[in-house]
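Hey, can you work out the whole structure from these sequences and the hints?
There are 2 protein chains.
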Amino acid sequence: MAGRPAVPQVIWARPERTGRGPRPAFNRADIAAAAVRLADEGGLDAVSMRHVAAELGCGTMSLYNYVPRKEDLHELMVDAVGGEHELWEPSGDWRADLRRVAHQTRELMRRHPWLPRLMSPVYGFSPNALRFLEHCLACMDPLDAPYGTKLQLLALLNGCVTTYVANELATAERTRALPWSEEQENQVRIAYLGGQIASGAYPRMAAAFTEDAGPIDLEAVFAWMLDRVLDSFAP
Amino acid sequence: MAGRPAVPQVIWARPERTGRGPRPAFNRADIAAAAVRLADEGGLDAVSMRHVAAELGCGTMSLYNYVPRKEDLHELMVDAVGGEHELWEPSGDWRADLRRVAHQTRELMRRHPWLPRLMSPVYGFSPNALRFLEHCLACMDPLDAPYGTKLQLLALLNGCVTTYVANELATAERTRALPWSEEQENQVRIAYLGGQIASGAYPRMAAAFTEDAGPIDLEAVFAWMLDRVLDSFAP
DNA sequence: AGCGCACTACGTACGCTGTACGTAACTAGG
DNA sequence: CCTAGTTACGTACAGCGTACGTAGTGCGCT
Numbered sequence: 003m004a005g006r007p008a009v010p011q012v013i014w015a016r017p018e019r020t021g022r023g024p025r026p027a028f029n030r031a032d033i034a035a036a037a038v039r040l041a042d043e044g045g046l047d048a049v050s051m052r053h054v055a056a057e058l059g060c061g062t063m064s065l066y067n068y069v070p071r072k073e074d075l076h077e078l079m080v081d082a083v084g085g086e087h088e089l090w091e092p093s094g095d096w097r098a099d100l101r102r103v104a105h106q107t108r109e110l111m112r113r114h115p116w117l118p119r120l121m122s123p124v125y126g127f128s129p130n131a132l133r134f135l136e137h138c139l140a141c142m143d144p145l146d147a148p149y150g151t152k153l154q155l156l157a158l159l160n161g162c163v164t165t166y167v168a169n170e171l172a173t174a175e176r177t178r179a180l181p182w183s184e185e186q187e188n189q190v191r192i193a194y195l196g197g198q199i200a201s202g203a204y205p206r207m208a209a210a211f212t213e214d215a216g217p218i219d220l221e222a223v224f225a226w227m228l229d230r231v232l233d234s235f236a237p
Numbered sequence: 003m004a005g006r007p008a009v010p011q012v013i014w015a016r017p018e019r020t021g022r023g024p025r026p027a028f029n030r031a032d033i034a035a036a037a038v039r040l041a042d043e044g045g046l047d048a049v050s051m052r053h054v055a056a057e058l059g060c061g062t063m064s065l066y067n068y069v070p071r072k073e074d075l076h077e078l079m080v081d082a083v084g085g086e087h088e089l090w091e092p093s094g095d096w097r098a099d100l101r102r103v104a105h106q107t108r109e110l111m112r113r114h115p116w117l118p119r120l121m122s123p124v125y126g127f128s129p130n131a132l133r134f135l136e137h138c139l140a141c142m143d144p145l146d147a148p149y150g151t152k153l154q155l156l157a158l159l160n161g162c163v164t165t166y167v168a169n170e171l172a173t174a175e176r177t178r179a180l181p182w183s184e185e186q187e188n189q190v191r192i193a194y195l196g197g198q199i200a201s202g203a204y205p206r207m208a209a210a211f212t213e214d215a216g217p218i219d220l221e222a223v224f225a226w227m228l229d230r231v232l233d234s235f236a237p
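Read top to bottom, the protein sequences are chains A and B.
If you count by the numbering used here, then the first sequence holds residues 3 to 237, one letter each, in order.
If you count by the numbering used here, then the second sequence holds residues 3 to 237, one letter each, in order.
Treat the hints with caution; some may be incorrect.
Pairs involving identical chains hold if they fit within one copy or between any two copies, as the list cannot separate such chains.
[What the hints assert, rightly or not] List time: in silico SDA-like cross-link candidates among lysine to any residue, alpha-carbon distance up to 25 Å: (1) Lys72 with Gln198; (2) Lys72 with Glu18; (3) Lys72 with Ala55; (4) Lys72 with Gln189; (5) Lys72 with Leu171; (6) Lys72 with Tyr194; (7) Lys72 with Ile192; (8) Lys72 with Gly61; (9) Lys72 with Ser128; (10) Lys72 with Glu57; (11) Lys72 with Asp32; (12) Lys72 with Ala193; (13) Lys72 with Ala48; (14) Lys72 with Ala56; (15) Lys72 with Pro129.
Since the hints were derived computationally from the structure, they do not count as laboratory data.
Structure below.
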């Protein structure tokens, strides 16, 4: 009757196996793992339906039996690496626990530099995302606040971590595919920036860049950012 | 001699006109405006080299005379809308000024929902980005801190605003191209989520979603987030 | 037991993308 | 005036997501 589906599908609502027909050669975990492997090695651009299918050793269009749209493949990937989160028994110190969560998220994103780009509230509520959120809420049990507020803090915290790590990784991730080195690109950008700054039109920016700051300790900046956000929540 | 460029180019360092040859039919501002128009109307996916060229009324490959790579087109777009920032004489109250900056950024992103996706530190230091940063630093003049710290706060602030607005807009922006309505999609996601929550595996998430919270005031949440970040900086 | 249907597998094809390359027209600097 | 560098643009290629059709397979029902 209806040619195309008039109603959207959430991949997590679609059963993996319905019983009829030949035994499937793969499952979602296999597919997600293959896609993650490709993305880790070759960046997000290496994740095409053709490549993933080849990695699995099957025809391109066979993939569509498991994953109706590429977007769903991305959801699978995010969920798969979400499973790498270590969940522990909350210590009772919610600040310490949330700090630990944030550091773990950061490590996760450093292992999978493509993750920030796929992170979006739309891809929320996958099984592992639910487990993760439940864990975060459990860590915040000592805190007396409505769940709505707690979720807001979590969103803010995750947002900040994501943004921070994305900034940290953007250059590296981008550089992968370029025909020149990161150093070269930085050199060119710095040269241009230097010219602009020397023009005198941006005195404060000039001061910021010539200021004797010493080497930036990314670790410390991250910790600072984290504490600022957490501090702000508990006056 | 050299076929392809072995050295990267920053589009802002490349002069717009070198004097020799026929008079160019467009300039960067025209091109950026056309691309922004297309993105505003049809989402970021509508911005292809072919479409932009058609919008300008020229052949596809002619665009490459002005914009060497699509990535540079994106930089032009970000810079162009960055010029919409209203810059004022700092009031002396840096908190108020930064709040105003944040609200303006938010409005900017609501006018141009594709902006968060293109925001990245890599696309930094375009002319208008420099003007914007300089202005933010000027707003922070009353604050006694090294410029490095101020830039960190700015990065954090902008990151939070970006993340927040991205979350706010992700669904809408994504929905545009889909064959079903946002309501339908939400309905399906909620239905699935309801099933998961009813399973009892995520008691706190269940409580969060059944909690009587009333309608969410996005405006208030944004203001709250902003104050948390700003508060945290000035103890 | 065996029919039928839902499922898997996959080749082909379409329209789209970014962009490398070659050619023709044009104009400012020497 | 000449010529070198630029603009303009058509053609072409490799790659993408995916719609569609066909063939084979095995579970569930009668």
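Against the structure, the hints:
1. Within a single copy, Lys72 and Gln198 get their C-alpha atoms only as close as 42 Å, which misses the 25 Å cut-off; across copies the closest is 24 Å, which meets it.
2. For the homomeric pair Lys72 and Glu18, the shortest alpha-carbon distance inside one copy (17 Å) is at most 25 Å, but the shortest distance between copies (39 Å) is not.
3. Taking the closest pair of Cα atoms, Lys72 and Ala55 come within 25 Å of each other only inside a single copy of the chain (12 Å); across copies the shortest separation is 28 Å, beyond that limit.
4. In this assembly of identical chains, the alpha carbons of Lys72 and Gln189 lie at most 25 Å apart only when taken from different copies (21 Å versus 37 Å within one copy).
5. Proximity of Lys72 and Leu171 under a CA criterion of 25 Å is satisfied in both settings, with 24 Å inside one chain copy and 21 Å between copies.
6. In this homomeric assembly, Lys72 and Tyr194 come within 25 Å of each other (Cα to Cα) only across copies, at 20 Å, whereas the closest approach inside a single copy is 39 Å.
7. Taking the shortest alpha-carbon separations for Lys72 and Ile192, only the inter-copy value of 22 Å comes in at or below 25 Å, while the best intra-copy value is 38 Å.
8. Taking the closest pair of Cα atoms, Lys72 and Gly61 come within 25 Å of each other only inside a single copy of the chain (15 Å); across copies the shortest separation is 31 Å, beyond that limit.
9. Taking the shortest Cα distances, Lys72 and Ser128 sit within 25 Å of each other inside one copy (16 Å), while across copies they are farther apart (33 Å).
10. Taking identical chains as interchangeable, the C-alpha atoms of Lys72 and Glu57 lie at most 25 Å apart only when both belong to the same chain, with a minimum of 16 Å there against 29 Å between chains.
11. Within a single copy, Lys72 and Asp32 get their C-alpha atoms as close as 16 Å, which meets the 25 Å cut-off; across copies the closest is 34 Å, which misses it.
12. Only between protomers do Lys72 and Ala193 lie at most 25 Å apart by alpha-carbon distance; the minimum there is 22 Å, versus 40 Å within a single protomer.
13. Taking identical chains as interchangeable, the C-alpha atoms of Lys72 and Ala48 lie at most 25 Å apart whether they share a chain (13 Å) or sit on different chains (19 Å).
14. In this assembly of identical chains, Lys72 and Ala56 lie within 25 Å of each other by CA distance solely inside one copy; the values are 15 Å within and 29 Å between copies.
15. In the homo-oligomer, the alpha carbons of Lys72 and Pro129 lie at most 25 Å apart inside one protomer (19 Å), although the nearest pairing across protomers, at 37 Å, exceeds that limit.
Of the numbered hints listed earlier, not one is contradicted by the structure.
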